[in-house]
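Chains as they are written, first to last, in the working numbering: chain W, 1 to 353; chain P, 1 to 294.
Please note: incorrect hints may appear among the correct ones.
[As the list claims (entries may be wrong)] Taking lysine-lysine and the DSSO-like style, the derived pairs with C-alpha atoms no more than 30 Å apart in a straight line are:
#1 W:LYS332 / P:LYS162
#2 W:LYS124 / W:LYS267
#3 W:LYS160 / W:LYS150
#4 P:LYS258 / W:LYS160
#5 W:LYS6 / W:LYS160
#6 W:LYS124 / W:LYS339
#7 W:LYS267 / W:LYS186
#8 P:LYS119 / W:LYS267
#9 P:LYS177 / W:LYS339
#10 P:LYS258 / W:LYS267
#11 P:LYS32 / W:LYS235
#12 P:LYS258 / W:LYS332
#13 P:LYS32 / W:LYS124
#14 W:LYS124 / P:LYS119
It is worth saying that the hints were derived from the structure and are not from the lab.
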Amino acid sequence: MKKMSKTTKNNFVTYLMVILIYAAAQTMAVSGSMSSLMQGLLVPLCAYVILAVSLNLTVGILGELSLGHAGFMCVGAFSSAFFSKCMVETIPAAGVRFILAILIGAASAGICGILIGIPVLRLKGDYLAIVTLAFGEIIKNIVNILFVGKDSNGFHFSTKDSLSLGLEDGGKVIINGPQGITGTPKDSTFTIGIILILISLFIILNLINSRSGRAIMAIRDNRIAAESIGINITKYKLMAFSVSAALAGVAGVIYAHNLATLTAQPKNFGYNMSIMILVFVVLGGIGNIRGSIIAAIVLTLLPELLRGLNDYRMLIYAVVLIVMMLFNWSPKAIEWREKHSLKSKFKKKAEEV
Amino acid sequence: MSFVSYLINGVSLGSVYAIIALGYTMVYGIAKMLNFAHGDVIMIGAYVVLTAITSAGMPPAAAVLAAAVFCTVLGVTIERIAYRPLRNAASPLAVLITAIGVSYLLQNVALLIFGANTKSFTSVVPIPAVTLAGGQLTVSGETIMTIGACIVIMIGLTLFIKKTKAGQAMLAVSEDKGAAQLMGINVNGTIALTFAIGSALAAVAGVLLCSAYPTLTPYTGSMPGIKAFVAAVFGGIGSIPGAMIGGILLGIIEVFGKAYISSQMADAIVFSVLIVVLIVRPAGILGKNIQEKV
Numbered sequence: 001m002k003k004m005s006k007t008t009k010n011n012f013v014t015y016l017m018v019i020l021i022y023a024a025a026q027t028m029a030v031s032g033s034m035s036s037l038m039q040g041l042l043v044p045l046c047a048y049v050i051l052a053v054s055l056n057l058t059v060g061i062l063g064e065l066s067l068g069h070a071g072f073m074c075v076g077a078f079s080s081a082f083f084s085k086c087m088v089e090t091i092p093a094a095g096v097r098f099i100l101a102i103l104i105g106a107a108s109a110g111i112c113g114i115l116i117g118i119p120v121l122r123l124k125g126d127y128l129a130i131v132t133l134a135f136g137e138i139i140k141n142i143v144n145i146l147f148v149g150k151d152s153n154g155f156h157f158s159t160k161d162s163l164s165l166g167l168e169d170g171g172k173v174i175i176n177g178p179q180g181i182t183g184t185p186k187d188s189t190f191t192i193g194i195i196l197i198l199i200s201l202f203i204i205l206n207l208i209n210s211r212s213g214r215a216i217m218a219i220r221d222n223r224i225a226a227e228s229i230g231i232n233i234t235k236y237k238l239m240a241f242s243v244s245a246a247l248a249g250v251a252g253v254i255y256a257h258n259l260a261t262l263t264a265q266p267k268n269f270g271y272n273m274s275i276m277i278l279v280f281v282v283l284g285g286i287g288n289i290r291g292s293i294i295a296a297i298v299l300t301l302l303p304e305l306l307r308g309l310n311d312y313r314m315l316i317y318a319v320v321l322i323v324m325m326l327f328n329w330s331p332k333a334i335e336w337r338e339k340h341s342l343k344s345k346f347k348k349k350a351e352e353v
Numbered sequence: 001m002s003f004v005s006y007l008i009n010g011v012s013l014g015s016v017y018a019i020i021a022l023g024y025t026m027v028y029g030i031a032k033m034l035n036f037a038h039g040d041v042i043m044i045g046a047y048v049v050l051t052a053i054t055s056a057g058m059p060p061a062a063a064v065l066a067a068a069v070f071c072t073v074l075g076v077t078i079e080r081i082a083y084r085p086l087r088n089a090a091s092p093l094a095v096l097i098t099a100i101g102v103s104y105l106l107q108n109v110a111l112l113i114f115g116a117n118t119k120s121f122t123s124v125v126p127i128p129a130v131t132l133a134g135g136q137l138t139v140s141g142e143t144i145m146t147i148g149a150c151i152v153i154m155i156g157l158t159l160f161i162k163k164t165k166a167g168q169a170m171l172a173v174s175e176d177k178g179a180a181q182l183m184g185i186n187v188n189g190t191i192a193l194t195f196a197i198g199s200a201l202a203a204v205a206g207v208l209l210c211s212a213y214p215t216l217t218p219y220t221g222s223m224p225g226i227k228a229f230v231a232a233v234f235g236g237i238g239s240i241p242g243a244m245i246g247g248i249l250l251g252i253i254e255v256f257g258k259a260y261i262s263s264q265m266a267d268a269i270v271f272s273v274l275i276v277v278l279i280v281r282p283a284g285i286l287g288k289n290i291q292e293k294v
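Build out the structure end to end from the sequences listed, making use of the hints.
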């Protein structure tokens, strides 16, 4: 047998970890040792993991801070829920319909990512962060004033209210502005969620270790140097950004098909959600894909296990974020860690001998 | 007449944005960081005033002073604990993410102390409303106070930077930190002073904002904070008159957007302005274009 390279081995460990988590969760669910509350969390958890992993592609690999990730999730959620609700009668097979819904969610979020990425990626650092934040809020705002109805004449659009759609008798409102979409078929299951996590991981890990991934990381490390050796900056930045957006769309699809009523509120698709995903990424380690998965799982399940701490959850997130950043990035902390780490102590001993 | 009254409302809201934007622009110009927590310092300032008036029974003027002092201490503490250790970090994202964390921390501390319920804020402005044009147009005392405060603060800041040694030190640090240090300027002290001034302004802005829009929740500060950053970018970040012009223009755009286009889309309109500005003129109205040196 050919010896596996280090990256292949590393990737397999990541896949294996996801599969083991799935097996553990399934055994717990079947044996009844999992509370119904926890079972209800399994599907959103899959969405969070995908979100964390995809945001890590932008923050860790591309090296730009995006604060509009929830916006792409929102696009994926609403476009796919819209599709599923329209097609409930046309395509009765839930499996086929859901696969199509996932593709539509991913495609619309990806296209959104490209459209937003073209102007946004000319900026960098603080400006990019604030503009992605702005785009996230704009998307949420637009979804909240959008009314779409369907009758025998086709689709009707409005930005005022459901009455001004002018529907015939028997026509139904599909997207009802701030009330969102009601009655999306509940197609998401934990198994599908895990499969989608594996597919997302496959896409991201392969992208990182490909020629394009190296180019993206070269841009992150030194934009000018990368440009001078002939890397097309816009192309690779856009590639990373739109892949990240499309995967966020997939997370949105899972999220939407787990809810009876889908509404765009600050809590689920706003700035807060984007920050929560960022906390996952930072806690797991910026640029470390496996870390993002673990952080998303721990930070979602931990507050549920410690119910009494629910009021303090966001407070704990905030403190975790600050402490992690200070500990990992402050030059003084890095120096201190190098002095006191086990590795350096062993090294010293080896030198003494 | 409704046009004129919208315009006055816009200038009033814009003046609040301008005061907040001044804090942003100073910190950004000197410390080269986007202080995400600035908006939440506003909210803390408003809560301090509210508590000082309702619980401690202080007169409004003393309460505002207390809030300014409290926010100054808060701003300097945040800078010392959370931002200074990261000033020379390898990645520029580090301090930005930390600032987001601080913003979240302040919101959630306020949530735990004051609760999620909306508190009604009684105006602290003693000026009565003025009626113009034979009763068709009313200008509230808050509006006059806000616009006046904005002008006074801008003139004061400009004089401070032009005429005092500390102000000149700020300019020097914003140009080149290393060279400023070699000239014997205390860089850390200057940056701390900038945070102190910015946070004191935030407290004033918080009082004015909550006097004009009398509701207060732990999330009151975050949206105006982000919009004020938009204003600072609009006017040209690092420029004091730019922050003022950007703030007032943004206030007018927001009020007109609300009145003539759609009240739900007002935030989206404000953010679209930011996107257009950054694409067309990234340095802002009064900003200087800085060439990148290789």
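Tested hints:
| no. | hint | verdict |
| --- | --- | --- |
| 1 | W:LYS332 / P:LYS162 | violated (35 Å) |
| 2 | W:LYS124 / W:LYS267 | holds (27 Å) |
| 3 | W:LYS160 / W:LYS150 | holds (16 Å) |
| 4 | P:LYS258 / W:LYS160 | holds (14 Å) |
| 5 | W:LYS6 / W:LYS160 | violated (57 Å) |
| 6 | W:LYS124 / W:LYS339 | violated (34 Å) |
| 7 | W:LYS267 / W:LYS186 | holds (21 Å) |
| 8 | P:LYS119 / W:LYS267 | holds (21 Å) |
| 9 | P:LYS177 / W:LYS339 | holds (29 Å) |
| 10 | P:LYS258 / W:LYS267 | holds (24 Å) |
| 11 | P:LYS32 / W:LYS235 | holds (28 Å) |
| 12 | P:LYS258 / W:LYS332 | violated (49 Å) |
| 13 | P:LYS32 / W:LYS124 | holds (13 Å) |
| 14 | W:LYS124 / P:LYS119 | violated (38 Å) |
Hints 1, 5, 6, 12 and 14 from the list above are not met by this structure, while the remaining hints are.
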